[in-house]
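J.: Single-letter residue listing:
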Amino acid sequence: MSDSIEPGETAAVSARSARVFIEGIALWGPRLPGWDAARSILRGEAKPCDAPARRPAPALLAPTERRRAPDTVAVALEVASAACASAGREPRGLASVFASTFGDTAVSDYLCRQLASAPLDTSPTKFHNSVHNAAAGYWAIATGCPEPYTALSAYRHTFGAGLALACTHAIADESAVLYVAYDIETPGPLATMSPSRGALGAAFVLAPDRSPHAKARLEFRVQPGEARATPARAANAALVEGNAMGSCLVVFETLADTLPADAAAPAPHPPRREIVLTLAPRLALRLAIGQAS
Amino acid sequence: MRAQPLCAQPLCVTAYTVACAAGAGLAAFARALRERRSGLRPNDFTAAPLETWIGRIEGLERDAAALPAGLAAWECRNNRLAWLALLQDDFRERVAAARERYGADRVAIVVGTSTSSIGATEEAYRRLQPDGQFPPDLRRPILHEPHSLADFLQHALALEGFCITVATACSSSAKVFAHAERLLRLGLADAALVGGADTLCGSVLFGFNSLGLLSPEPCRPFDPARRGISLGEAAGFALLERAGDGPWLLGCGESSDAHHMSSPHPEGRGARLAIEAALGTAGVEGRDVDYVNLHGTASQKNDEIEGRLVAELFADDASASSTKGWTGHALGAAGIVEAVVALNAIETGLAPGTLNSSAIDPACGPQVRLENRECDVRIAVSHSFGFGGSNCVLVFGRERPR
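Protein sequences appear in the order of chains L and P.
Per my numbering, numbering of the first sequence is gapless, rising by one per residue and ending at 293.
Per my numbering, numbering of the second sequence is gapless, rising by one per residue and ending at 695.
For reference, chain P alone in the conformation it holds in the complex (with noise of 0.2 Å):
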């Protein structure tokens, strides 16, 4: 790794949205954090019965829920669960804006996801016609491939510029902001919207149970009795700028831990990389943070060596938590409902604790909270460490750097 990282160039969030199982919308996901009400429910998704709780988002199958007709080519659960997202907080009318400011071209679309829509791939399967060609309705190619989901919403908000699908598994949506940064700083976008979706589907849910990674219970983040991950479904969105109003993106730091595919590197190699290059390229110090939003999956290994990290890099009186307890683990879209936290702690004052958790793992510092703190939080962290060792660490702050 470079010894000094480059410093990025600030980027201000001027519109940010989620919806997730814990709410739909800014209002609702901050009002659950403050009450401390989880999303999670026993699972309810899958035909084959497993043992699990899940953060699923409620009437997403309903007609409802379904997209406007202009746009029925992309229908799929993921999408449905993107546009939900779209509409709240005005997203959309702040994303037509800044069209409207720039030119469609000179608004990028860089999100990511983890399994996009392949929950219709799946479907398409168990309903494989005779002559084992997929059902007629399901005949639609854009929905069984990866970049599902940034097409639906270049079509869905007319936009016509950079238009990528990142999917680098649990870091996807944090990536996304260090892949827009990018472009904005070369001049290539005069705006990005950032941010990702996931929802649930048969290759999540049998496949970490495969993995032996479910927890049977609500995840207990941090908790040294935790039993593993709860998955959930998420979608949120970010929009960058140069300059407006909100609160602003100062740094990323990524990494790769070059250890093993589905187990993170003992000592955290790649995670310290990460977070140390994050702090790096927004020009502040370990001690200068005020929250941290851990990965926190409740996993036995990634807790253990991510509060052995924060204990180390962060100071005594900083706050940090995982929000999985209310979520989930939205995999692909982890990334961005967590900067989200972020970005709520530093408008709000809001520093949530840990959820279902009774106790605090001993590997972790005073730092690790399961209480809610209200505090004047000026810098705010968050952490996303996915399979295959692909690390992401995003620094948010109040005000613009000098």
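Same shape as in the complex, but just chain L (with noise of 0.2 Å):
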């Protein structure tokens, strides 16, 4: 790409796209319980689990720990943990970008209900677990993690726009980052406002160079002007849908059409040339997803 960006170089001016390479891949939701079952349900090579799980249970946590832990934590440790293993890097040397659109949103039910009744009576650890970023706080602490995590949202566009930010960590630092965005069940009349069904996380673990570990190449461009999300085929779709999150499946459906569990097996789909997810109301980002060599 003419205009593709350099680590280092300080003078790019209006570089509008780059490129990076994904090592590892963690995806989880009730249906889709890890991306080795993920990727054969999404080629429509296996069928989606019957008996959905509510949530999963994070090795990474001790029994106790496990019980306790929200739900948002749960799940997005559940896919940290996973896309460091399927990329065979330590967790505690990488830096971490957590998207989350609506945050813990039992939490914030919780809170708003107390807060109308008898606020006197918060319960403490329910509010160090209200901020956005509790759940990468306590990867941090799980895994004894020095490096820098961010937490954010960015309402519809957050999966892009994480996915964008974790991206230009990658590449401006120089250094492997994990990604990690998440949202889960919204209860109560919070529903009504910030709807969200289930349990869903998506996980990458993002390199600017081509190392042994790479899986898939990742290019992207930012596009200007009305920003319309390719939608992911209709009955994976429905897999997640409901979640907040959900727009992340096309990125996963692309990735699983692109990289079969069998390298010999027909694609039953061929793989898209180009997806878009949105950044902002009038802001695309243009994926482009191939092999990583």
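These are calculated hints, taken from the structure and not from any lab test.
Every residue, glycine too, gets a C-beta built ideally from N, C-alpha and C.
Each hint should be verified, as a subset may be incorrect.
DEER-style ranges, computed between Cβ atoms [unchecked claim]: (1) L:A265 x P:E393: 52 to 62 Å; (2) P:A357 x L:G144: 46 to 56 Å; (3) L:A265 x P:A451: 48 to 58 Å; (4) P:E393 x L:G225: 41 to 51 Å; (5) L:D121 x P:E667: 47 to 57 Å; (6) P:P659 x L:G144: 53 to 63 Å; (7) L:T64 x P:G505: 17 to 27 Å; (8) P:Q422 x L:E45: 46 to 56 Å; (9) P:A389 x L:A267: 32 to 42 Å; (10) L:A238 x P:G396: 38 to 48 Å.
With the hints as a guide, dock the two chains, each given alone in a separate frame, to form the complex.
T.: Here's what the structure looks like:
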């Protein structure tokens, strides 16, 4: 690409595109329990689980912590761990970007109810779990990772905005970055305003250079003007329907089409040349996903 | 952590503004700092009595503070405060000029908040309809999620670029400088509006109360007899460009404590990493720093740990202080408010002292000062350390480094 960016080149003005390598891939949804299963399901080669799980049980946490962990933390830590394992990277060496549309809506619902009835009895644990960076903070604590994390939201554009920021971080800092995106089921009256169903977590380890761990190449281009996201195929979209982070699915579907479990298997769906995510109402992120080599 | 941090691209802070309990607009805030007038008052915000002091913005509830009709969909306390800040110091005009210069899609918005407009959600729960629905006037989904602030700004300023809300608790509106710097360094934007806004709400007042961290008196940062924090509300913004007139962002350092959700690491491990990374990316040494705006919340642990670190990492003749005695702890907006104090120090030579405190904790070195000082500030640093162990340190300088 003529206008792609080289790390360390500070004079690059008006560059709108860049490239990273995906080293680790992770996905967890009630009917998509992990990337290996999801890859076959999204290709249409396997049936989705007919007994959906409510939430994952991340092995990173001790059993007591695992039971007590809020849903946000359970789903975020599950995919974060799986992405690092898939990349063959130690979690403690990776900076991270955590993205969630609504954050911990179960805690928000609790806090708002409590404040409306007995504010002085607010639970301190629930309060410190209410910060948008709670899942990121627990990840840093559980892995002993001193590298920086961030936690962000961009409403309907959260998955794309977080992905773009994570890619930017990897290129600018010349280091691999963990990207984690998740949303949970919104309970209570808040669900009428911030609706989200089930739990969904997605994660990548993104690296600026091609390493032996590279699984896919991701080229991105930022394009101004009306932004319309590429929809996932209907059967796949239905698997995460209603979750606020469901817009991530088209990326995983394209990865599944590009990276079959069995390299000799013919692709039931030819991989798309390009997919579009939104970054803002009038800013699109165009992604071209290909094999790493 | 990498041994040699990458050098950040220096960025010019071509405009900045603030609205906090100590004053709306740079001139009013600088005057309050100079005259040592605190913006704190006894809590009159919560319906249930709560004995603490707060930095509340006067008149934000009045009709005069309402958003213009075209922005009524975003109406809430937090966006009102953001709007109040945009109206100061010709900031809106400066952003409009950047939009003209670069194009609406080339001006990014990266802003921080801790609770955004959750005050509106709290109100909806207090006024739930008999059928469990939100009251009709609050059935506006954009208010009941974290991105309310950045979405409001994008509409209010007619921008069409990157638009991201960062929510890492008390480091939020400091980390936005680091995120924006990367976007500009890679050429994905030509200018960035950074900063943030956080307003008082039940969640934070009763939440910090539940942790036993609220002071029953005006907060006294670094005082050996300090009794906890005073919460405040504030908004502030800065415009970052690759060139221009103004002080410079020289470096940013970020780290994680990886220790505890609501307590700092006992030796300040993460804070030290962030300070060292910030100085490293800026290419300056601790001894080059003239003024340090400290996180200084007046909580027992933070001040002791931060005081020790400052004694070790900065020169004895540097000035360091917490300005939370003026503003209260503005949480997600603390980073930008204190970045503004550091920028003002560079531009006017005012290194504020520490308000309300009558002595300095013996854990501190000579850097932490009670009295204001007028001095030549060429390099200023601002510390932000947050819940979840998220740390960010910013380095500003008067001149662009060669």
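J.: All the hints need checking, so say for each whether the structure fits it.
T.: Going through the hints against the structure:
{"no.": "1", "hint": "L:A265 x P:E393: 52 to 62 Å", "verdict": "holds, 54 Å"}
{"no.": "2", "hint": "P:A357 x L:G144: 46 to 56 Å", "verdict": "holds, 51 Å"}
{"no.": "3", "hint": "L:A265 x P:A451: 48 to 58 Å", "verdict": "holds, 50 Å"}
{"no.": "4", "hint": "P:E393 x L:G225: 41 to 51 Å", "verdict": "violated, 19 Å"}
{"no.": "5", "hint": "L:D121 x P:E667: 47 to 57 Å", "verdict": "holds, 49 Å"}
{"no.": "6", "hint": "P:P659 x L:G144: 53 to 63 Å", "verdict": "violated, 35 Å"}
{"no.": "7", "hint": "L:T64 x P:G505: 17 to 27 Å", "verdict": "holds, 24 Å"}
{"no.": "8", "hint": "P:Q422 x L:E45: 46 to 56 Å", "verdict": "holds, 48 Å"}
{"no.": "9", "hint": "P:A389 x L:A267: 32 to 42 Å", "verdict": "violated, 50 Å"}
{"no.": "10", "hint": "L:A238 x P:G396: 38 to 48 Å", "verdict": "holds, 39 Å"}
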